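What follows is each chain in one-letter form.
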Amino acid sequence: MSEQTKNPLRDAISEAIQENRVILFMKGTPEMPACGFSARTVAAIQATGAPFAAVDILPDPRIRQELSALSNWPTIPQLFVDGELIGGADIVTEMYESGELHEALGVAAPTTGGPASPATGGAPAAVETPAGADPAPRPMGIENRLG
Amino acid sequence: MPSPDEIKQRIEAAIPDARAEVEDWTGGGDHFRATVVSSAFAGLSRIQQHRLVMDVFEGEIGGPIHALSVKTQTP
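Line order of the protein sequences matches chains A and B.
End of the first sequence = 147 in the working numbering, gap-free, step of one.
End of the second sequence = 222 in the working numbering, gap-free, step of one.
Keep in mind the hints are simulated off the structure, nothing from the lab.
Honestly, I wouldn't trust all of these hints.
Stated by the list, open to error - Computed, partial: chain A to chain B, Cβ under 7 Å:
| id | residue |
| --- | --- |
| 1 | 74 |
| 2 | 87 |
| 3 | 90 |
| 4 | 91 |
Note that the structure is predicted; figures quoted are calculated from it, not measured.
We treat Cβ as the ideally placed atom computed from N, Cα and C, and that holds for glycine.
Could you build all of it, start to finish, from the sequences and the hints given here?
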C-alpha cells in the first residue's frame, strides 16, 4: 500500500480499513443493497452475527476508484478484515458455506457463542473528521453495524 | 463483447495447467461465471487464486465484462 498523502479520499478509505476490523465496501446499504453481489455478501456476513462496518460506494464514484486502486481488486463488494482484503461476493459466499467466514470474522460457528453483544448505540456513525482536517465534506459515510 | 469461449481460452492460455469452464450467467453477454482448475492455485489463498484469474482481464472487469464470478480449485 503506497503511503502518499496527496489524496485525502484514499487516505480516508485506508484509515477506515485500518480502524474497522471488519469493513465491507458495497453498493447500497446493508438494509438496501443496490446490487445482487452486495446483497449476497452482506447476507453472509450478517448470518455470522459478526459486527461489521459498511461503506456505500455509490454516492461518489471516486470512492470506488480509490478503493480499487488501493486494493487492486476490480469489483464491488470488497470485504476487509484486519486491514486485509478477504474477497468479494464469490469468496465471501464460499467461505460462509465452508464455515471459514465465522473464523475469519472472529465469531464462533453457529452452535456456540452467546448472542452478539449489542455494542455502542446503533446509530450509524459518520467517519470522524480529525480536528484540523480539510473542511471539504467527506463523501464517504461509514455505518457501524455492531451486533 | 467477449464470448464465454473467448474468456475460457484466455484463462487457459494465461494460467499454467488451467482448465476453465465459463458460462454466460445472465444471458446478457456481460456477466460471466468461471470455474477454473489449475495446479497453479496450490498453496495460494483464495484471494490470490482469484487474483490470478482476475489479472487475465485487467481493466476489462467493470467495463466490457461487467462481472466475472470465479470459483477456483486445485486438481
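Against which earlier hints does the structure fall short, listed by number upward? Hints that this structure does not satisfy do not exist here, as all of them hold.
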